[in-house]
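Number of protein chains: 2
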Amino acid sequence: MESWPPGGSGPAEAGPRLRGLRGADLAASASLLSGAGAGAEAGCSAPAVAAVLPAGGSGERMGVPTPKQFCPILERPLISYTLQALERVSWIKDIVVAVTGENMEAMKCIIQRYQHKGISLVESGVTRHRSIFNGLKALAEDQPNCRLSKPEVVIIHDAVRPFVEEDVLLKVVTAAKEHGAAGAIRPLVSTVISPSVDGCLDHSLERARHRASEMPQAFLFDVIYEAYQQCSDYDLEFGTECLHLALKYCHIKAKLIEGSPDLWKVTYKRDLYAAESIIKERISQQICVVMDAKEDEEHVGHRLEEMLKNELNHVKVTSGRDLQQIILEQCYNFVCVNVMTSDFEETQKLLNMLEESNLSILYPVVVISVQFLDYESVPFGQKMENLMQIREFAKEVKKTNILLYGLLVYYPQDEQKLQESLRQGATIIAALIKERNSGLIGQLLVA
Amino acid sequence: MESWPPGGSGPAEAGPRLRGLRGADLAASASLLSGAGAGAEAGCSAPAVAAVLPAGGSGERMGVPTPKQFCPILERPLISYTLQALERVSWIKDIVVAVTGENMEAMKCIIQRYQHKGISLVESGVTRHRSIFNGLKALAEDQPNCRLSKPEVVIIHDAVRPFVEEDVLLKVVTAAKEHGAAGAIRPLVSTVISPSVDGCLDHSLERARHRASEMPQAFLFDVIYEAYQQCSDYDLEFGTECLHLALKYCHIKAKLIEGSPDLWKVTYKRDLYAAESIIKERISQQICVVMDAKEDEEHVGHRLEEMLKNELNHVKVTSGRDLQQIILEQCYNFVCVNVMTSDFEETQKLLNMLEESNLSILYPVVVISVQFLDYESVPFGQKMENLMQIREFAKEVKKTNILLYGLLVYYPQDEQKLQESLRQGATIIAALIKERNSGLIGQLLVA
Numbered sequence: 001m002e003s004w005p006p007g008g009s010g011p012a013e014a015g016p017r018l019r020g021l022r023g024a025d026l027a028a029s030a031s032l033l034s035g036a037g038a039g040a041e042a043g044c045s046a047p048a049v050a051a052v053l054p055a056g057g058s059g060e061r062m063g064v065p066t067p068k069q070f071c072p073i074l075e076r077p078l079i080s081y082t083l084q085a086l087e088r089v090s091w092i093k094d095i096v097v098a099v100t101g102e103n104m105e106a107m108k109c110i111i112q113r114y115q116h117k118g119i120s121l122v123e124s125g126v127t128r129h130r131s132i133f134n135g136l137k138a139l140a141e142d143q144p145n146c147r148l149s150k151p152e153v154v155i156i157h158d159a160v161r162p163f164v165e166e167d168v169l170l171k172v173v174t175a176a177k178e179h180g181a182a183g184a185i186r187p188l189v190s191t192v193i194s195p196s197v198d199g200c201l202d203h204s205l206e207r208a209r210h211r212a213s214e215m216p217q218a219f220l221f222d223v224i225y226e227a228y229q230q231c232s233d234y235d236l237e238f239g240t241e242c243l244h245l246a247l248k249y250c251h252i253k254a255k256l257i258e259g260s261p262d263l264w265k266v267t268y269k270r271d272l273y274a275a276e277s278i279i280k281e282r283i284s285q286q287i288c289v290v291m292d293a294k295e296d297e298e299h300v301g302h303r304l305e306e307m308l309k310n311e312l313n314h315v316k317v318t319s320g321r322d323l324q325q326i327i328l329e330q331c332y333n334f335v336c337v338n339v340m341t342s343d344f345e346e347t348q349k350l351l352n353m354l355e356e357s358n359l360s361i362l363y364p365v366v367v368i369s370v371q372f373l374d375y376e377s378v379p380f381g382q383k384m385e386n387l388m389q390i391r392e393f394a395k396e397v398k399k400t401n402i403l404l405y406g407l408l409v410y411y412p413q414d415e416q417k418l419q420e421s422l423r424q425g426a427t428i429i430a431a432l433i434k435e436r437n438s439g440l441i442g443q444l445l446v447a
Numbered sequence: 001m002e003s004w005p006p007g008g009s010g011p012a013e014a015g016p017r018l019r020g021l022r023g024a025d026l027a028a029s030a031s032l033l034s035g036a037g038a039g040a041e042a043g044c045s046a047p048a049v050a051a052v053l054p055a056g057g058s059g060e061r062m063g064v065p066t067p068k069q070f071c072p073i074l075e076r077p078l079i080s081y082t083l084q085a086l087e088r089v090s091w092i093k094d095i096v097v098a099v100t101g102e103n104m105e106a107m108k109c110i111i112q113r114y115q116h117k118g119i120s121l122v123e124s125g126v127t128r129h130r131s132i133f134n135g136l137k138a139l140a141e142d143q144p145n146c147r148l149s150k151p152e153v154v155i156i157h158d159a160v161r162p163f164v165e166e167d168v169l170l171k172v173v174t175a176a177k178e179h180g181a182a183g184a185i186r187p188l189v190s191t192v193i194s195p196s197v198d199g200c201l202d203h204s205l206e207r208a209r210h211r212a213s214e215m216p217q218a219f220l221f222d223v224i225y226e227a228y229q230q231c232s233d234y235d236l237e238f239g240t241e242c243l244h245l246a247l248k249y250c251h252i253k254a255k256l257i258e259g260s261p262d263l264w265k266v267t268y269k270r271d272l273y274a275a276e277s278i279i280k281e282r283i284s285q286q287i288c289v290v291m292d293a294k295e296d297e298e299h300v301g302h303r304l305e306e307m308l309k310n311e312l313n314h315v316k317v318t319s320g321r322d323l324q325q326i327i328l329e330q331c332y333n334f335v336c337v338n339v340m341t342s343d344f345e346e347t348q349k350l351l352n353m354l355e356e357s358n359l360s361i362l363y364p365v366v367v368i369s370v371q372f373l374d375y376e377s378v379p380f381g382q383k384m385e386n387l388m389q390i391r392e393f394a395k396e397v398k399k400t401n402i403l404l405y406g407l408l409v410y411y412p413q414d415e416q417k418l419q420e421s422l423r424q425g426a427t428i429i430a431a432l433i434k435e436r437n438s439g440l441i442g443q444l445l446v447a
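Protein chains in written order, with our numbering: chain A, 1 to 447; chain B, 1 to 447.
Please keep in mind that the hints were generated in silico from the structure rather than gathered at the bench.
Keep in mind that a hint or two might mislead.
Unchecked claim - Just some of the chain A residues that point at chain B, by a computed CB distance under 8 Å:
(1) 209
(2) 213
(3) 254
Said to hold, decoys possible - Pairwise CB distance ranges, derived in the manner of DEER restraints:
(4) 147/B to 313/A: 18 to 28 Å
(5) 392/B to 314/A: 29 to 39 Å
(6) 202/A to 197/B: 23 to 33 Å
To be verified - With a Cα cut of at most 27 Å, we get these calculated DSSO-like pairs of lysine-lysine:
(7) 137/B to 269/B
(8) 398/A to 316/A
(9) 395/B to 417/A
(10) 395/B to 265/A
The model shown is predicted, which means the values in this text are computed figures rather than measured ones.
Cβ coordinates follow ideal geometry from the N, Cα and C atoms, glycine included.
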């Protein structure tokens with residue numbers, strides 16, 4: 001068993017969050033986890049909760065050569081999103097990932113590159129159950145050189161379910177403490193049928209009486225470890241359901257928890273598309289408008305900000321006055337209005353700040369550098385020529401996962417025409433943020 | 001029951017196809033449909049095969065107010081894609097769609113706008129089974145003013161499964177002729193469990209022994225109509241499975257046909273995202289390069305064509321010599337290189353031809369108008385200023401669902417730099433075609 005990063009032993013640090021958590025509610029509920037619960041915060045060294053992630057699958061259903069957990073979404077492997085979802089939960093102390101020997105090095109690179117904390121790697125087995133068993137063994141063995149220790153409750157989750165939320169994790173853990181085992185379920189989307197040997201319908205199951213068993217699941221560690229130790233080779237080889245093992249070998253009837261649709265498993269290529277769209281949507285919820293204008297001329301930047309507020313529903317438009325705070329809150333979209341300063345001074349300041357913040361480690365950050373131009377006072381072509389240097393900036397910052405685009409907004413005297421160009425500007429900004437297309441970086445768009 | 005368009009009675013015309021069908025194979029197999037099979041082609045007036053599409057659902061699982069079958073994908077309602085998939089199959093004579101009274105007018109508009117043929121509308125019932133029954137009744141009744149007549153085999157499909165292919169339709173129809181009933185199945189993605197009344201696990205089902213029942217299904221008309229006529233109110237109200245009705249009321253054991261992953265049902269919002277990505281991917285498989293250059297100067301256009309071939313894997317790059325033929329073959333992406341002629345002459349010719357062809361009725365067509373520029377001979381800014389008129393063209397052709405973008409490719413003397421700008425051009429072209437973003441139309445991008 002290998003621990004990574006070497007010597008790392010701190011509590012799981014919350015990585016950037018996909019969504020704001022209802023912090024206070026969850027903290028209150030988390031305190032329901034009695035005993036050694038909420039370990040790190042309570043100053044208690046024994047972790048109550050660990051998680052095991054089998055990630056040894058080959059992803060044959062995906063129809064692509066890369067195992068699905070390593071398929072990239074916005075250039076980052078799927079499994080990194082799942083790790084991020086787990087490590088932001090402060091009361092999960094250890095995360096054990098089971099990967100094939102072949103993928104061990106790749107997995108270490110992922111952990112290092114995306115700065116995941118508190119992850120231990122074990123070698124996966126040839127089946128899902130064997131991989132989980134390996135993960136449990138790593139937690140059970142109190143070895144001197146191993147930073148892991150036996151948890152009271154263990155969560156079992158899939159590497160390919162990146163959208164798991166803290167509330168469902170808490171629900172299954174709480175239920176597992178009470179019942180010994182618990183798992184998330186969902187209504188069936190299709191009717192389930194049983195075929196006869198000749199490939200005809202034998203019978204169909206009543207849809208309302210059955211559920212799809214999803215992940216996460218949680219168990220009292222002693223229950224599930226006992227079940228795996230007693231488990232037959234046949235079950236280890238062909239079984240698919242941990243709840244079934246707890247029932248069969250420990251007579252524990254798992255509590256079933258209704259989960260949200262987000263718990264779905266990335267199985268087919270279409271699921272990768274869906275995951276990418278969901279992630280893009282989530283990181284496009286907020287735009288921060290940064291401007292250099294302070295007094296007289298702040299007019300036009302604010303007008304663009306107003307237009308963004310009016311035109312882009314479901315997007316929160318924030319002023320970039322306290323930029324450090326906004327970066328901390330994980331806003332991934334910036335519109336930088338340059339009015340007072342020379343062409344790119346303000347943009348350059350913003351880019352420097354973003355690069356220092358490491359904000360773009362997990363998601364591509366969009367920066368749109370806006371210039372206003374009154375065609376009648378400055379020749380259009382000349383201005384554009386100056387602004388084309390944005391291409392070089394864009395190439396440079398792309399290396400740190402920042403997507404820089406230019407936007408030239410026509411600024412006529414005529415009020416109605418100005419409204420029109422501001423609206424067009426908002427449309428272009430929305431399009432760039434939504435798509436996050438790296439093929440168009442460094443372009444100077446015109447509104 | 002309403003027939004739409006009024007008086008329409010021709011055979012289903014093949015709409016634009018998402019994928020090339022393996023025509024010869026399917027024609028050969030279709031001839032296996034004996035009797036009145038392949039009606040229209042065989043000069044036989046009695047249709048052998050009809051389809052019923054229940055589309056009365058409310059889409060509550062989608063979490064959006066619009067019923068999912070009417071949710072737009074690339075601005076076209078999902079159900080139109082499903083109709084297109086069915087109507088391109090020449091041997092399906094009639095398609096009966098069951099919609100709520102409330103959505104009847106909207107459905108008529110969809111049929112008219114997207115030029116669907118051979119569709120009849122009936123009012124849906126309050127449950128899926130009642131809607132299907134209404135569709136079957138419309139086919140059973142030989143009314144004087146009704147263009148429908150009773151088919152030998154009826155396909156039942158879902159309005160929210162747009163990716164059904166001709167081969168699986170043929171398989172279920174052929175099997176239904178032999179067995180009386182047939183349906184597509186898929187392996188289970190999750191283990192299915194049965195909860196006890198207290199919300200705990202009662203037992204889990206062995207995943208390998210069960211299947212998900214999907215659509216399409218097909219039945220001898222007399223079998224399924226008989227089943228619905230005998231069906232209990234309880235089954236009509238709470239049942240979900242047509243194969244079950246054929247078994248219960250007519251003792252017909254349906255033949256089960258392994259379907260492809262494409263048969264999945266658009267159920268959640270994420271499925272809409274997935275469907276949009278799949279459709280975008282399918283219509284981005286081919287790029288046609290049109291150019292005005294004939295002799296001496298054809299050089300640079302051809303070099304861009306070569307670069308596209310090298311850089312864009314999985315995309316077929318075609319020369320636009322026989323443009324009418326390429327439009328007929330449903331290529332949705334055009335790169336128009338203007339070298340000899342004045343700025344937009346060639347592009348204008350292409351746009352006119354596209355508008356006349358109606359190619360963009362079903363999918364947005366991307367046109368990228370390419371200009372080459374040697375910065376050292378023509379001032380960059382001045383050239384751009386001329387080319388900005390593309391914004392007006394773009395606004396105009398957007399009305400007919402054509403997305404026009406401009407691309408200015410730097411054409412230096414230096415061979416290595418030229419290679420670099422051609423490669424950059426190919427990247428931008430790929431990005432525009434992939435995203436089909438209407439927010440960026442009329443922009444002049446620079447490579």
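Among the hints numbered above, which are violated by the structure, and what are their numbers in rising order?
When the structure is compared with the hints, numbers 4, 7 and 10 turn out to be violated.
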